[in-house]
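K.L.:
Protein chains in written order, with the working numbering: chain A, 122 to 217; chain X, 309 to 702; chain Y, 9 to 227; chain H, 225 to 1184.
Just to be clear, a hint being listed does not mean it is correct.
[As the list claims (entries may be wrong)] Covered stretches of chain Y, going by a simulated chain A footprint (3 or more residues, C-beta under 8 angstroms):
no.	segment
1	50–58
2	109–121
[What the hints assert, rightly or not] Partial chain X-side listing against chain A, Cβ under 7 angstroms, derived:
no.	residue
3	Pro451
4	Lys532
5	Asn534
6	Thr541
7	Tyr586
Hints are computed from structural coordinates only; laboratory data are not their basis.
For every residue, glycine included, the Cβ atom is placed at its ideal position computed from N, Cα and C.
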Amino acid sequence: MSFQLNCPNCGKRAVSEFTFKSELKIRPAADADFSEWTDYVYFRENNMGRQVEWWYHRSGCQSWFLAERDTLNNTDHRSFWYEDLEQNSKDKNGGN
Amino acid sequence: MWNNHELKKNYDVVIIGGGAHGLATAYYLAKLGITNVAVMEQKFIGYGGSGRNTAILRSNYRTEEGIKFYDQSLSLYEDLAGELDFNLMFSRQGHFTLGHSTAAVSGLVTRAENNKALGVDSYFLDPLEIKKMLPEIDISDHPRFPVHGALYHPPGGIIRHDAVVWAYARGAERKGAQIHQLTEVQDILVENGKVSSVVTNRGTVSCNTVISVVAGWSSEVCKKVNIKLPFVTHPLQALVTQSYKPWLNHVVVSGTLHIYLSQTDRGELVCGNGIDTYPHYGMRSTLGFLESYAAHVLELFPVLHNVAVQRQWAGLCDMTPDYSPIISPIDEINGFYVNGGWGTYGFKASPASGYNTAQMVANGKAPKMIEPFRYNRFVENRLVGEKAAASVGS
Amino acid sequence: MIKTSPLSGIYRNHPVKLTEFSGWQIADNFGNAERELIHLSQGSVLADWSHIGKISLSGSDAAKAAEQTITGASKIEPLRSLSNQNMAALRLTRNDYLILCQSGMETDLLEKIDHKITTVIDQTGALGCLVLGGPRRDEVLQRSTAMDLRRDRVIAGSVIQSSIHTVSMTLYRTKHFDIIIHPRNLSESLYDALMDVGIGVGLVPCGISTVPVSFEEGK
Amino acid sequence: MAKRITTHQYCDLPDLGERLSFKFNGKNIKAFTSDSITSALIASEKTLLTRSFKYHRPRGAYDVFGQGHESLVTVNKEPNILADRTRVEDGMFVESQNVWPSVDFDIAAVNDVLVPMLPNGFYYKMFHKPKWIWPIAEHQIRKVAGLGKIDVTGKHVDRRYEKHYRFPDVCVVGGGPSGLAAAKGALDEGKQVLLIDDNPELGGHALHSILPVVNCSNSALNGIPEYKAVKKLIEELAENTNLEVMVNTSVFGLYEDNLVAAQCDANLFKIRAESVVLAPGATDRHLVFENNDRPGILTARGVENLIMCHAVLPGKDTVVVTTHDGGFHTALLLKGAGANVVAIIDGREPGSDGEFEKQVRNLAIPIYKGLTVHSAHGKKRINRVDVGPISGGDSHQSFDCDLLVMAVGFKPQVNLLSMGRKRPEWDSQRQILRVNDLPSGMYSTGDVHGTASFSRLYTEGTDSGKAAALNDDAPKTERTADEIIMALPADIESAGTHHFICKCMDVTRTEAKASIDEGYDQVESLKRYSSMGMGPCQGKACHEAVARLAAIDTGISEAKAVPTTMRPPFSGVSFGVLAGRAPHLSPIRRTPIHQCHIDHGVKFLDAGQWKRPDSYTNPQEEVGFVRNGLGMIDVSTLGKIEINGPDAVAFLHFMLPAKYAKFEVGRTRYSIMVGEDGILFEDGTISHLEQGKYYLTTTTGNQDAINALFQWWLLVEDFDVQVKNLSLANAAVNVTGAASREFLQKLVEIDMSNKAFPYMHCRQTSIADVPVSFYRIGFTGELGYEIHFPAEYGESMWRYLMTEGETFGIKPFGVETQRILRLEKGHLIPGTDSDALSSPYETGVGFAIKDDKVDFVGKAFLKHFKDRGLDNKLVPYQLDPSSPIPDDGVAVLENGEIAGRVTSSRMSPTMKRGIGLAWVRNDMSGSGNNFTIRLADGQDVTATVLDHAVYDPEGLRLKS
């Protein structure tokens, strides 16, 4: 038991109910340079501060969602559905 | 011991991070005659991982790269107390890595055999042999995950981690390096593709070389020069119990249960487990850690049920995709080096890390020992094979 | 061929009277039906309803499909339910429903649903179902889950998805029961854990003669 | 002399309960049921409880609230129990710790004599040259190290530990006047309140106060002494059903999002509160002077507690050192209980007397102003104190006494506040370490902001409780000049080398100063180097003194004193309490056929959380059942995912590395999965069951993960498909062996002939009216059918097949048997034979990749792996029939250097020789090539690379 993450469906739950995937990243185009792919697969911003991340409510509704969280103190995070991600970030996220 | 200095206008080398790695680097640089060196520490020396780990030393890694590197580190540790004239309380207790499944046993056997082939003392023990050395361990089939065997590594042990930090600091200082505590590096300036100076809360100093040796905080430091790293910073938690008469005279690690424990000369059991599952920089400890550690340690040693936890804390681990560090020049910026990605295995590497980093900086090129740990391996997709053997911190 | 509850291993170790119900072998009582009734009214009981029908609907038109099973189901809010004596529609998320029904009704229900518009899975055999009843069941829950299940917060008709004794579950609260739907393969472990913490708060296992399946009416 | 008192001049005495007796170090001690071990021992004049950590100095009760190491004893063989907080029980065995041979005569006390000779941080400065000295020295050190002794007999292991959860609106920590008032404030707002106190009863320090309550906003309390008023308040609150009270419960941690962790006996409480009000109060301040650790030196609140809660007078001739009126209150309580108060040493300059001071003067107790204690005398018990000026220097007066009471002000218990992520700071106006501005949802009230009158605490507490209930801003706490207690200097400069700052770890002022001079001038470094504050009390007694002294010694002003980080747990909490009951660990997963395996006398194998059949007789024999007859294995743990919908093919093309456009209905294929990093992580089969409906199986460990992964891709890539996780809905068995077709044909209506239902095909049918699907695959190397059917029929179907198969000699076999069978066929298991760096090409499953697709998961990395060629390769091998069988995992060597490893190695009962899979360098992987395997015992055996399965290389048996 630690901090509580807000599932957009179920509400606040202990973070142990969730699975963290990774920070939100832009999937390169299939024909992108290999260096773009290694960047996508291996490299991370790893922000000390706010970042948007993928989480999965494993022990609850089993939904994927995004949370903008401060990695320094876990407080005041904002969680939302992927469909509510601003369209420009989604385009950058690519792959659609 | 060491003194507080004014910042000089210029240093040949600025080491960012006053942990064991940074201080060891300063010490070995000084031994190579490079003494116009400043170690910049934002807090106090040993504030980060160096003071928050569980002080376990071992060299029983899986890959040739890992085994050779950590074996060098262990050899350096052996003579360090004498060399630095500081008792580091290296307690060579022998190190158990327990396996709780056939797959885990297979991995342990691989490590044992690879170790033997490279001259590192490691061998496999069956549960009865384990029981002889650890009489209170439960090797019955009663636990949820029964003990199937162990990799035993006689040269492994524990050391007084803070002492390593202080001894290197004193050694470096005595040879001419300067240690600046409460000195925060706010920016790193690059001119014409070359490191030119470092901006701190106490002023700007010029320098030719900057080494980032800040482990969990590496991504933030490297952002100052627009270098992206393959690191994710996770917390790793640990605890000590109250003091009891020495009962455990070996280091015990269980990969499946994600726990490790040893007992210090003060009588406290020092305990840790795997990294927290999500990135976090806050170093705030959790109740969940206490609960899961307790549940797991009692699987192994039920007699510890009334042993009380005295203190818990968290440190930061800069995890890499292949569970191996980066010790490397950065091609894009002349004079900028990264030493990081130490994950849960950094403390035991301190001497070899410092030694090889110093060689790398002095010669402008990485020694063979640390070539596998170059930055570009992630760009080239040539990873080191330690992930396959990754057990918990230990 | 008989259908067996995931608690068949438990039944073996109790002086249980088994009964056949809609093709399922299930506990009628655990040897002393009278005692079970006393605990149901004064302490707490744990019953096995694993044989009830369980159908999951998911996808953007799940609400439409749910409406085909019980009128009004499309209008309920997520984490709420709609039920009659024989069935209950639990809305898990915007796009997920779980339909519970008396054993044997699931075949008819599956036929009513337009499989083209939604992902329909018959989860009857995939999920176990344990039911807590009795006035002291809150005390069992207070030793079992990190969810806040205070009665004034989680009112009858609520649906919670969380974990209990580290087992993921859907908890459906009716006026008299807390119905815990969980993965079949963890059913025996969950039963053991609940009974274990139930010592001291009067928890006893009981059969469907004491706690027959009923979803109670209401929103 | 200490004694039990029967009457008190100024107050009622408590009901002590029944008489009982227990043993302390072998001697009988008489006590009452209300006693703590400490109060009973003091009443019996057992002042010497234990010896100190390093120097083995005699130590006795100090604060009687269990904050320091002095309180640690062994009870009924359980180590490190707090004597101060443990109620006595009839017949219990209490022993001192860290003493040999006895607490009265401890040989290691010789260390104490050496104190002046041992340099600070001496462990770091000695025993390391020459190198061989240290192991010997360490061995000796470990012989004497440590406090309690772990009970290795495991006598109490079966104790029943429980975990509980609570979700109050407001959790109030601390049941003193302010905590009670806070509870009232929150209750008045209609909230559910949980009030926790670590003492046996609520009331806090008010229970020891005979001061009358005045000007309280709760007028019912005015005019009566505090100890009675507080009980009245408790009675008033007890009527409210929204209040839950826990006493004897220590809150040991405050974690993120208002998670409060508390312990009561063997129970762990995890409390998630909307708001937390911390009212932990304050404890008597620590005073540093020569021999300040002697038995017989007690805190004022400790003495008051002993008198008013236990009717124990802890000494006869007493000296009180004080800096506030509270010291006079304590003196009155002592006097009223029959003690001889020799002197009151008041650090304040003469001025107007407080009410108690007037009373004391009337009793002719001598009062000395402007002085403090310089040193204590006596060894196992204090017998004299020297007093002198606050500024230090020579002491000018001595008093004989057997009790010294320290009433020199209070240090707020800021630990829990600090765990909320705020460092305490020295408030130079209030002269205390204080935490301001807690994060939202956290409130603090009471003496933790500086002591104040009952009525002020009451008002402040009520306001805080109300604010917590309404989530308002925290109310301000004010303290007037007359409420502020002067802090004596951090250290009284006087002669001697035994000024203990940290009693737990035996650290003196001299040592601390020398450490700072050596360069350990950051308070955290100082703590680590000297080990100050790292003992059982974790700095609760000394953090203020350490911070103030460090500030002075490093040349910064005392106002900048900041203590080291305060970490949980606030008080020791045992592994048993934290672990709770075993079911919390990792629940067992059972297949729908589990009970049938038990009936067959199975040996189970732990596969992650699952219990799977390992074997029933022995695996070598079971291989024979399959090769020569008919076998059946439970494979229900396979992940099973159904995919259908308009975009099904596109989705499969994207998720899997193969192509499915020409994949006909009724076909089954081997399939692999890779991540974006091109690493092989999964294999299984995929079948085209009906037009547009596909069925994918995955390995046991990945069933939930792969479903989650699919759901993620569906979300971000927006395919119009339905993914159904049927992993739990379906049970599955594999019926295999040459007789399997004939057997199954008996049970089904479809044509099972090789022509109608060839190898790598699938069919849907029914067995005894149960719908089933058949997959004709060949993991075992024999003709075989994987049969999937609804999980609720698991046991019935298994029993039916076993009964019907009896005439065909059907036998169950387990996972270990299957591993041998597949190894004879050279099939790999991802994760066992491959690892986190294995590309599919190197693993030998590159054939399953069709990379001429626009995009799919892992495409870029697979291309990279393919282009760069193979470094290593996984190969099947066989050994000479006479060679021993290597262990899984042993090394492949070439010229003494590592060239690979064996991943799976078994005796092949069919071929009567060792076989296996091994990673070797690519240049060694040619068919027929020999390589060396080094066995664990050092022996080398030669293995030969095969380019085919050792058993039935053409697959005739599979396809027949």
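K.L.:
Against each hint, give a clear statement of whether it holds in the structure.
P.N.:
To see whether the hints hold, each was checked on the structure:
1. 50–58: Our answer is that it is violated, as 0 residues pass the Cβ test (under 8 angstroms) against chain A, missing three.
2. 109–121: Not satisfied, violated; 0 residues make the cut.
3. Pro451: This interface hint is violated because 22 angstroms lies over the 7 angstroms limit.
4. Lys532: Status violated, d = 12 angstroms.
5. Asn534: Because about 12 angstroms separates X:Asn534 from the closest Cβ in chain A, which is outside the 7 angstroms limit, the hint is violated.
6. Thr541: Hint holds; X:Thr541 Cβ to chain A Cβ min 6 angstroms, cut 7 angstroms.
7. Tyr586: holds (4 angstroms)
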